[in-house]
Amino acid sequence: MVESAELTLSTEQSKAWHRLTDPKHNHITRVIYGGQAGGGKSFLISLWLDYMCRTYEGTRYYMARETLKDIKESVLLTFFDVIKITGSTCKYNEQKSKITYPNGSEIYLLEVFAYPSDPNFDSFGSREYTGGAIEEGITVTKRAADILISRTRYKHDVYNLYPKQLITCNPGDGWIKEEIVIPQLEGNPKKKNEIFINATLASNPNKEFADRYTKTLEENLTAYDRERLLNGNWNAKPKSGAEFLKEFNQDKHVKRGLFNTYNPNEPLHITFDENLHPYITCEIWQIHKPNDMRFVRQLWEICLKPPRNRRKEVAKEIVKKFYGVHRGGVIVYGDASSQKEETDKEPGENFFTDILEGIKVLNPRLRVPSKNPPVLSKGGFLNLIFEKGYRNITIEVDSECKTSIDDYAYAVEDEDGTILKKKVKDPNTQISYEKHGHNIDAMSYFICEAFMSDFNYYLRGGVTPRYDVGNDREYKFQR
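Numbering follows this note's numbering, in which position 351 of the sequence shown is assigned residue number 351; successive positions increment by one, without gaps.
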């Protein structure tokens, strides 16, 4: 972390700073710094350009955005605040849109809007630069950014410098997302000279501002914009109709502080999906039944990533949270195929025996069917509940269950109506895994089993059926 008596850079800002200034990172040409709103993006641009101007006499930089008006109403204002902290003396010429330092260094305010009449950006002229920054780069064309990189060579030979371009942005579609961000997040970067650094609201060293701004975003944005600007989710997108859970609506079904409704005297419903990567999926639910209504609430999630993606670790988290507090009993749900015996264990031992042994102090019961519900049918059942509260069932999810919410909102339907389980590669472990579907699977195992009669009613087209109720099975714990 970069720090002085008057300013502090967050870990993420420091990472970007070193990629821009440390000679060992000379191979990195383009730094993308983006994510949540309020992540200190304009501050980073201003501090870096000021530092370069003061450090390298007579050099030249650009501060770019789609229009000059945008620059003057955003990053330029932050720049004036930054030089008050650094003590820099420089002059701003409004007419020429230029900042000049006493040592001859210059920063040009540069408009990079893609006018149809200027497809080759001839308006840039022939001016060369030492480096530069683009704010809100998601709105800028790749051609404009590349042309500026090609002009970045001024006085490099004098100071042994290399081309550097800092681009800041919030999540959004376009070339930055498709060519740089997503490939890096999935562990398959296309170019070694480009790096994406994820900025979060926590990246802003001004914690008081971050707290206030978080509240503002939570209260004033739609679910889509909250995901982009508050959670920095690059996969966020408006509803397209291609989602598996088409009727899941974050504005309607996600609630803040839902864990506060936890009742220690009512059963906990804990459901699992066994996959190790990217995590073992564990969701904790309760069912509240005022009058004839049934409110099904996801209170918590445990999605431990490597190296903690182990059954014992998940069990420890459950016990730590509820032991000594919970009195209402625990019911465990999950993938029917996880009941199979495992070759490296004793006869009869499997995923569920490990989980039940790990949380035995909570006296759990196992409620898993002999086979899983059909994927198409469970999707239809869940969507009907989300859409209209089918059979007086309402599903609500605590806003802190972020991994679950991401899965419910963005898992896509495949051509055959099932969940499209596209594989990606973890950049750290290099292990391939299915990106979406795990939390939906875990939820469906619970919902379809806990509301078996309603699910059967749905399967039979609204005709009340005769059905067999599954029995809870006690696990005989080793003493």
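Hints in this document: simulated from the structure, not taken from any laboratory.
Hints should not be assumed to be uniformly reliable.
In silico lysine-lysine, DSSO-like type, Cα no more than 30 angstroms apart, as pairs [what the hints assert, rightly or not]: (1) K72 <-> K96; (2) K96 <-> K155; (3) K289 <-> K255; (4) K360 <-> K316; (5) K316 <-> K190; (6) K423 <-> K340.
Keep in mind the model is a prediction, meaning the values are calculated, not measured.
A quick look at each hint next to the structure:
1. Of the supplied pair hints, the one linking K72 and K96 holds, its CA atoms being roughly 13 angstroms apart against a limit of 30 angstroms.
2. Of the supplied pair hints, the one linking K96 and K155 holds, its CA atoms being roughly 22 angstroms apart against a limit of 30 angstroms.
3. Taken as a hint, the K289 and K255 pair is honoured in the structure, with Cα atoms around 18 angstroms apart against an allowance of 30 angstroms.
4. Under the criterion of a C-alpha separation no larger than 30 angstroms, the hint pairing K360 with K316 is consistent with the structure, at around 11 angstroms.
5. The hinted pair formed by K316 and K190 fails the criterion: a straight-line CA distance of about 40 angstroms is larger than 30 angstroms.
6. As the CA atoms of K423 and K340 are separated by approximately 25 angstroms, the hinted pair is consistent with the 30 angstroms bound.
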